[in-house]
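Residue 1 is where the sequence shown starts when you use our numbering, and the numbers rise one by one after that.
FRET-style restraints, in silico, Cβ to Cβ:
1. Glu3 / Thr53: 10 to 20 Å
2. Thr92 / Asn50: 16 to 26 Å
3. Glu3 / Val69: 29 to 39 Å
4. Lys86 / Ala106: 13 to 23 Å
5. Glu105 / Glu3: 12 to 22 Å
6. Val51 / Lys29: 18 to 28 Å
7. Lys86 / Lys29: 16 to 26 Å
8. Ser108 / Thr46: 29 to 39 Å
27 Å max Cα-Cα, derived DSSO-like pairs, lysine-lysine:
9. Lys86 / Lys4
10. Lys29 / Lys72
11. Lys39 / Lys4
12. Lys88 / Lys39
13. Lys88 / Lys72
14. Lys4 / Lys29
Worth flagging that the hints you see were computed from the coordinates, not collected in a lab.
Remember, predicted model here, so these are calculated numbers, not experimental data.
Beta carbons: idealized from backbone N, C-alpha and C, even for Gly.
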Amino acid sequence: MAEKKYIVGVTACMIGIAHTFMAAESLTKAIEAAGCEAKIETQGATGMENVITDEDLARADAAIIAADVAIKNPERFDPIPTLSCKTKEVMTVETAASVVEEVLEAIS
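Build the full structure now, drawing on both the sequences and the hints.
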């Protein structure tokens with residue numbers, strides 16, 4: 001059996017409260033529903049949470065950046081296939097699923 005794909009990501013919205021965390025939850029659920037592992041960092045009003053480590057980046061197959069503002073340390077994702085979108089594109093599990101599908105097609 002093939003090893004599960006590992007997808008990391010960052011969510012960040014203008015205010016850094018509700019949409020940041022709603023997007024992170026939906027994206028995590030959509031990634032896991034696709035049979036992959038997920039780690040989503042939030043960059044919100046309370047700072048960076050669930051921070052993606054160097055170890056996470058080393059094993060990541062892809063990254064999804066769902067942000068309405070510039071994220072902190074974007075260069076760390078340079079070596080990884082990365083899809084960028086707005087938080088509204090991953091606000092529900094249904095919409096997030098299409099973003100995840102696009103990423104999986106790109107890395108297959």
